[in-house]
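Got chain X; can you put chain U on it based on the hints?
These protein sequence lines map, in sequence, to chains X and U. Residue 92 in this note's numbering sits at position 92 of the first sequence, and the numbers go up by one each step. Residue 160 in this note's numbering sits at position 160 of the second sequence, and the numbers go up by one each step.
Because the hints were derived from the structure by calculation, they are not lab data.
Part of the chain U face toward chain X, derived, beta carbon under 8 Å: (1) Phe-30; (2) Ile-34; (3) His-52; (4) Ser-166; (5) Val-170; (6) Val-175; (7) Leu-177; (8) Gly-179.
Beta carbons are placed, not taken as given, at the ideal position from N, Cα and C, and that holds for glycine.
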Amino acid sequence: MKSIQEILKEKPALGWLIFIATVVLVFLLGMLASSIVQRRAEAVFAYTPEVTFSENEPRNSKWGELFPREYNSYLKTADTTFKSKYNGSTMVDMLEESPRMVVLWAGYLFSRDYNQGRGHYYAIEDIQKTLRTGGVPSPQPNTCWACKSPDVPRLISQTGPAEFYRGTWDTKGPEVVNPIGCADCHDSKTMNLRISRPALIEAFEARGMDISKATHQEMRSLVCAQCHVEYYFNKNMIEGVQYLVFPWKNGTTAEDIEKYYDEIEFSDWTHALSRAPMIKAQHPDYEIYLTGIHASRGVSCADCHMPFISEGGIKFTDHHLQSPLNSISNSCQVCHREETEELIRDVYSRQDKLIENRDILETLLVRCHVEAKTAWDLGAGEEQMKDILTDIRRAQWRWDFSAAGHGSSFHSPVELGRLISGGIAVAQEARVKLARLLATLGHNREIPYPDISTKAKAQDFIGLDMKKHNDDKKIFLETVLPGWVKEATEREKSYDH
Amino acid sequence: MQLFKKLIPPDNWKLPVILALGVFTGLGIFSFHISNASSYLGDKPETCVNCHIMAPQYATWSHSSHREWAHCNDCHVPHGNIISKYYFKAKDGLRHASMFTLRLEPQVIYIREAGRKVVRQNCIRCHSELLTDSRLMNYNRNTNEFRRNRDCLECHRVTPHGRVNSLSSVPNARVPLPGPVAPGWLNNAIKAKNK
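One chain only, chain X, in its complex shape:
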């Protein structure tokens, strides 16, 4: 056989043929490569919207222009008609439901007013109306706005978190006006989920974790954990600022968090009757959820509270955040093939059983506070009361950690059963110690349970001047609030230019 040089020398046309074949091959390979590049570039654009508003646009309706389906479903959080056995979207006066809570929170603003919340749509309206925020100046810091509005990330981006938290609640009234919405959870450029609240990022850092490493599925719970968590205001970090902190340094169970508070000797308030250094559990929804079976099977908050729904030929995430008891087929039956009634019955049976014991703990705590007050009145000393007050703090922490969440008795019934039974044991321990102390002080009879059959009677019992608080609020709503609204409307007009 001849070498290729020799062949080519004899037939130059063959050289040309090889040349043309190579050209064609490179051409096709180039076409393939450019097609791949093109289709990959498509992927970048196909699922990224052409956003026309600014990075921290607080007005949900502006986002709604680009995402009408998501926005329209979000607007349904304005619906207050759904009521389940214990929760739902209707506002319920919890102090009327359980006047015992008034006594449990004596000396703290919660004893004035505490409602079962409505949908996200009412976040601003309801914080303006609650007696806990009072009038002007408010007894609360601006930190209370932290969870209420997409105006919060807007303001924090301007001044940083500490300056945002500084000052009393009424000073940022005209600035924070849009209810919880789009910018709280979404990045305006990519529409991916984002963490907009520094407190959660800092809580991860405190545990040596990096929240930016969270997967999309984890983010579908973490965006909720920006607010639906236990938190406290740290007054010792920056002068004059009540800094929002999630107390997760030791972990997220009730005991881990209690240990954290004990270590820094923190208390939210001193109880007006028992003088115990109390901790108020906020709404540790995420922490309780983490201990439940759904979390350990990889189910996120959004899987049940924001299921995929179909409208015409389009599927999208239902932004009507609500109790899954009102969307059993989309939320539960994706995995559980039981009848609707049966699934609802399952939820209610867990709630019934846990609330049965929670009520017992609640009653015991009322007795603890009243009996401790009697002991003080009979001349008990600080040293004699110390252990008892610690027990009361611990028992009520367990009660509050179980009671304050939304739907915790479903999210993690076993954990809640553990907490409540532990709380009952600690409360009884306190009462044994109290009985012994009272006997030492010469009082060896049962201390009568107060008549707190209604909210009004309970508030009267702890000595609240409800008329004053109601009047203050009325004046605020009639004279101050309209000014806030006007100022905000003027300010937002400038956003569109």
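Leaving out everything else, chain U in the frame of chain X:
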């Protein structure tokens, strides 16, 4: 070897030939890299949205009860042995790649007969107890007939993707699509310069 020696160019041609071969190889590696070709050997569901038209299938699966238990390959490639698995994967994958490259994809993608058979086998692979449970005879006397001759998907059509699967059915779904072609540092540098 003999043939290879014959292809060796004369000394004064060597440099141009090396350059030409380099161009070829480079273009090949480039195509391999931007198409995430190596990912096709693995089992990650993200691989299937290398082509963005699979976004509806990914989004519906990730909202389904199968998400926690079965990934794309668990259902869509045979699991008899490694050869049948990769043979099927290569066959199906090359078809998909050609359709995608030539823009021949239909607005609504349906599974083909070969794929359907594979899915059926995989339904049975995990849910065999549903076929062997003799109590089912109590509910339906045709159970025996059905389990031999009918297809799971005939009834369970919404498992797990649902029935709405057009290319435009999930316009806003968050799906792990491949990012921009240029590397991150280059994009950042361009962004920084434009600022």
